[in-house]
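From first to last, the protein sequence lines are chains A and B.
The letter at position 144 of the first sequence is residue 144 when you use the numbering used here, and the numbering goes up by one with no holes.
The letter at position 32 of the second sequence is residue 32 when you use the numbering used here, and the numbering goes up by one with no holes.
Note that these hints are calculated values from the structure, not bench results.
Careful: at least some of the hints might be erroneous.
As the list claims (entries may be wrong) - Chain A is faced by these chain B residues, among others (derived, beta-carbon under 7 Å):
| id | residue |
| --- | --- |
| 1 | Glu79 |
| 2 | Pro82 |
| 3 | Ala104 |
| 4 | Leu105 |
| 5 | Asp107 |
| 6 | Gly118 |
| 7 | Glu120 |
| 8 | Phe126 |
| 9 | Leu127 |
| 10 | Ser131 |
| 11 | Glu133 |
| 12 | Ser150 |
| 13 | Arg152 |
| 14 | Val236 |
C-beta atoms are modelled at their ideal positions from N, C-alpha and C, and glycine is treated no differently.
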Amino acid sequence: MTDLTEGAAPDLTAAVEVPPPEVAAQTLGEYLSRWWLRVRSGDAGVLPVVIALVVVAIVFTVVSPNHVFLSPVNLVNLFDQSAVFVMLAIGEGFVLLLGEIDLSVGYVAAIGGIVSANLVQPSPGWPWWLAIAAGLAVCAVIGGMQGFVITRLRMPAFIVTLAGYLIWFGVMIIILGNAGGVSITSQIIDGQRAIYGIVYSYIDPLVAWIGLVVIIGAFGVYTWRRDAGRRRSGLVAPPVGLTVLKIALVAIAGIAVVAISNVDRGTFLPIVGVPWVVPLVLVVVVACSMLLERTSFGRHVYAVGGNPQAARRAGIEVSRVRLLSFVLCSMIAGIGGIIYCSQLGGMTTNINGGQLVLYAVAAAVIGGTSLFGGRGRAIHGLLGGLVIGAIYNGLYLLGLPVQWQLIATGLVLLAAVSIDSLSRRGTVPTRE
Amino acid sequence: MTEAPTRIVPTDIAAGVPLLSLRGVSKHFGAVQALYDVDLDLPAGQVTALCGDNGAGKSVLTKCIAGIHEPDHGEMLWEGRPTRIRTPKDAAAIGIETVYQDLALADNLDIVQNMFLGRERTSRAFLDEDSMERAAAATLASLRVTTVRSIRQTVATLSGGQRQAVAVARAVMWQSKLVMLDEPTAALGVAQTGMVLELVQRLRDHGLAVMVISHNLNDVFEVADRIAILYLGRMVAQDRAAAFDRQSVVDFMTTGGSGRHTPTLAVPVDGAGRG
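Okay, chain A solo, but in the shape it has when bound (with noise of 0.2 Å):
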């Protein structure tokens, strides 16, 4: 064999014998050990994130201010904050699938924000939804255009982009004027109070406790009778244990996140209740699940990510699928400028959109996206913007100054970098 057959066909007569533990799994204790054995591969799912939100948690709680950082005031604020990050880590998470880049989602997030921000001022004086939707408009036309360039001019994603970052940069301070900012802090202003109330309105604690009951619920029975009924027909399925595992842990999750946000933290007057950003990121991640994993579309992304190629040769229109990605990572990316504005009170020119999109990648990596597309789901964005969210707000717990923020978050992306390389090492086959 030749060398250049060697180098056309790496792969063809190695197989890595560590198949995905929901194969072949019969039993909870089989499906962990073989599991154990694929994270020793490389291939480790989102436990390393989970690993780094427990370290993280633990030292900033050692480490905060008579330990802070694990008190209810601080892990609701942690939630505001991280909601953000999960919002440009999942928008980021469509480009990162196919393999590219979008430099351009801080800028972008922070124009859908002002853009509603400023449709909600008294002069237009939107009610908020309209005002919403439109900054959604906004930067899906902006994801559409830089989309287009990308595939029908085939220019590199992370040169259009990186343009883009300084064209909406500059967008940016034009649309926010001599002003400078956009305020929407008013509270007799309905449109001004519902985009201000995601961040700083709260569910009635009753409410959210029968809506957790209520998702949970949905949630149980989905996951039980699709696992149970392939198990039934005979098709690859879980083990009952894990199904179990599965629901208990989300149930568990949800419980952890409204009990803590139902205890009282005002300091003078009482403050109770889960944020409406909260069910809000919850409704984009399932969505963006659901749509990554369910649909046709979705599983076109993952193709195209996994090999173009292929893809192409399958009938996949790939030009639209990448377009459409640009389009949504621009979308969701607007949905986190829309709370970022809510979180500040409105928008300024000092929003620095170049951290911002570190900030996404960074959450995106960290939760378990590949850099080098296809693989990543939406759960990742969640995750890895916790982690981020928790390095942001544990620094500024410590009073550290800005430069050891970005040295940690610097130091904590090349950590998730290097996860992710090594994980793409372990599981592409490699010939001995």
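Given the coordinates of chain A, assemble chain B onto it according to the supplied hints.
Coordinates of chain B only, in the frame set by chain A:
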């Protein structure tokens, strides 16, 4: 194949119309004439090996049949009726599937996902995973592909032979009548090659027309019922496999002629070719 025929039987309507016949197909790219006046018959239930040196026009011919290129001249008869195949979709619509050398599988997707890639089954906008998994399992079982541990493992975890099997299974899933395999055993080990060749024979036994493009004469003689040889864009020999020996095939591939065999374009097409 029990005995070599002593004479060349001319093409006979009574012996059955080939599934696909190419008549006088030519194709050029700019000044380069890739195919001159090529005739080719691909009968159902038989494996036709397409041989030729590098640059002989094998892949251009394959791409003409697959709808990636359209011939400049010539005629294609599908089940005896003139047909034009302009796009890969046209080819797929009449039942032509191609398994490419680089397999065209996405490593990050599992077997079921790959087999239905681009043609996913949905119910109410969502993927119908259960029905796809059942259909994929049935197809693999019908081809007796049993070595994979689970059809939900990603293609990245499969061996080369298993990957080839998945690619072939994907091709036969769509009521295809003609399957073309481009160098199906290149880069495979001995055992894996045996497995893929068995698979090719199973396709033939299912009544499909199979065209195998191969350099490997061992494979060709093991699996082919008929051999067609291209030399510099011309079809220089096309006959039942038993009419050739190794040396004559090599002669045709490298010089365009052979003293050991009298080429004919009158092609025997009969089901009795195999013992």
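Original post:
Among the hints numbered above, which are violated by the structure, and what are their numbers in rising order?
Top reply: Violated hints (numbers, rising): 1, 2, 10 and 14; every other hint is consistent with the structure.
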